[in-house]
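The task is simple: from the sequences and hints, build the whole structure.
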Amino acid sequence: MASPTPVVLLIEDEPQMRRFLGATLRAHDCQVVEAATAREGLAQAAGRNPDIILLDLGLPDRDGLEVTQEIRRSSRTPIIVISARGQERDKVTALDLGADDYLTKPFGVPELLARVRVALRHSAPAGTNPTDPVFQSGDLRVDLVRRRVFRNGEEAHLTPTEYKLLTSMVRHAGRVVTHRQLLQEVWGANYQEQSHYLRVYMAQLRHKLERDPTRPKLFLTEPGVGYRLHEGES
Amino acid sequence: MRRIAEYGWAIGIIAVTTGLALVLRPYLQTIDIAMVFLLAVVVVAFRFRRGPAVVASLLSIAAFDFGFVPPYYTFDVRNPDFFLTFAVMLGVALAMSQLTGTIREQAEESNEREQLAAALYALSQDLAGATTLQDQLGLITRHISTAGKGEVLVLLDDGDPDPTDHAPELGMFDSVAVRVAAQWSRDHGEPAGWGTAHCAGAEALVVPLRSPSRVGGIIVLRPEKPDGVLSPRRRRLIEALADQAALALERGQLAERHEQARMEVESERLRTALLSSLSHDLRTPLSSIEGAASSLLEGSDRLSDETRREMAQTILEESRRMTRLVANLLDMVRVETGALAVHKEWQPLEEALGVALVRLEERLAGHPVETRLAPDLPLVPVDDLLVEQVFINLLENASRHTPVGTPITISAWPEGRSVIVEVADQGAGIPAGEEEAVFRKFHRSTCADRTSPAGGSGLGLTICRGIVGAHGGRIWLERNGAKGAAFRFTLPLDGPPPATVPDEALD
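Top to bottom, those sequences are chains S and X. Every number in the working numbering is 27 more than the matching position in the first sequence, counting from 1. Every number in the working numbering is 100 more than the matching position in the second sequence, counting from 1.
I should point out that these hints are in silico values taken from the structure, not numbers from a laboratory. Hints are not guaranteed to be accurate.
Covered by chain X, per the in silico footprint, the following chain S stretches (three or more residues, Cβ under 8 Å) [to be verified]:
#1 109 to 116
#2 214 to 227
#3 234 to 242
#4 246 to 253
Note that the coordinates shown come from a computational prediction; the quantities given were computed from them, not determined experimentally. The beta carbon of each residue, even a glycine, is placed where N, CA and C say it ideally should be.
Structure, rendered in structure tokens:
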């Protein structure tokens, strides 16, 4: 983990889920603070100053989306929301409200740890983790300074929009980015509903940069939510 | 009026005949003159009723006697033979009018029968095409209104003692007399009200909807001309139409009840299937999970690392299987209850396919998968989450029912205002006769091994059909048999395609 023992606030009402998540995180050198209700969670978020918050969207006492919003009002602590399949709209809303990532129940330990790791890294204070001038993942190498892109050592030629989209993805590498976020970053605020622009350019990027564009390994689709650029193990 | 006119005609014809006979008198024998009169009488008898015919024959006799039987211009008859002539003339007139009267009556009767049959045929023809009770009632109202020349209201029996009780729509039909007539008609199964023997004072005619088994309601007809008379013919027509309507309504209600019963049986069958599916498909993985977990818990010190790993692996695999089953059941419920919300967005099909292929990577490891997307494949308006599910279900299905090593091919191409997608395998195909059945709920291929861990829930293809249907498309088994099964579905390119993405020059 990024810092010696990051503090993880776990807001989850199901005791079994809390047990599994708590045990797993402790086993991976995290200090875990547990909360079973939204009220308790908000209090802990304010009092314990956690490094990361895992928030179940289906809490009994308050809507998880509200909790997200409330935490964001006072803190930039990364939030990973946990929700069930079929709640894609809620996930998107949570992400647009400021959550950093999400996990869909049921999920495995590798997924959980990967999300936590990415979220912690992205939240590291500026200066300690300067954006690497070169992004590398699998076959892909992006030289952000020289604005050159290589696949398997061979230079790939991107259009300006494709490159802009790629750098947006690189900036959020490892994290999910919603359609809306990407549309806004690449095309501007007026294009937030033109999701087909994004999808078409994503397909073009895949054709230029993926080994097999029908089985993407780098530019992953998060169904109903957005995209995630796979981060190579470093 | 018509009657008087007929007498006028009769008198006129005889007058003309007399005139003609006077002109011809010098050239003809007396007996021939009688023939001319006889002809006139026959014409009148044939053309009109008995009355005019008799008048015509009497006038003929008088005119013939007066003007043509010597001595002329007296009613004296010298030759008694002429009495026979008179009698023949009268007899012929009577016989002719009788005969033509009968023929006319028969013609009128058959004409009425024809009209009745035509009206009944038209009604039954229309009713055959009506699918809802509302349609049926509308048609019955219209037909009887036309035939009965008045405004019509159909009141179905709802079990209430007073047939008009729950009929605020009675409106202008409403009056005490009509209500009484309606009650009487319903209770006795006979017409009542205007133009009948019962409650004749009512402003409307009430005809029961009789079928052999019951009185299913009443028809109220308020005539356009309330002071007119109800001819027996019109009444017969109305009653016949009412009987026909009653039969059709009863048939419709019986069919409805039958359909309801069938649905109940079907839903009972489904419940049973669901229960057996749940108990088997959920219990099996649960047993493995419980067994493996308790074994890990109880005997962890006696188990080798490898065994422990295997147990954990079992728990993982079995819980994934349960997750899939539960997801399928939930999808099924959404498809079934119409809760399937389709959020269409224009997008390349490749993306949804990509998600399915990545997600199924492990399960498809044993099958080379080839994708053949047409280069000119347009964007399609689909809900990505749902279309992914279709790909996942079709691909899982293909991998489950084909031997390891056989390829699976996914193709897509535009055709007209649709995109056609095909998922083809090279397995043994689907048993003949099951081409449609595979789409049914809880259908499991007869050759599939239910107990194998790869066994499906029997819901995948049903869900596919529901999802494709919700997109306005169609899914079917295109090819089958020795070369394997090929499922095809269409995705219509509905609505205006989105503004094209601007082309860019390379850097």
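Practice item. Hints the structure violates: just list their numbers, smallest first. Key: Every hint satisfied by this model.
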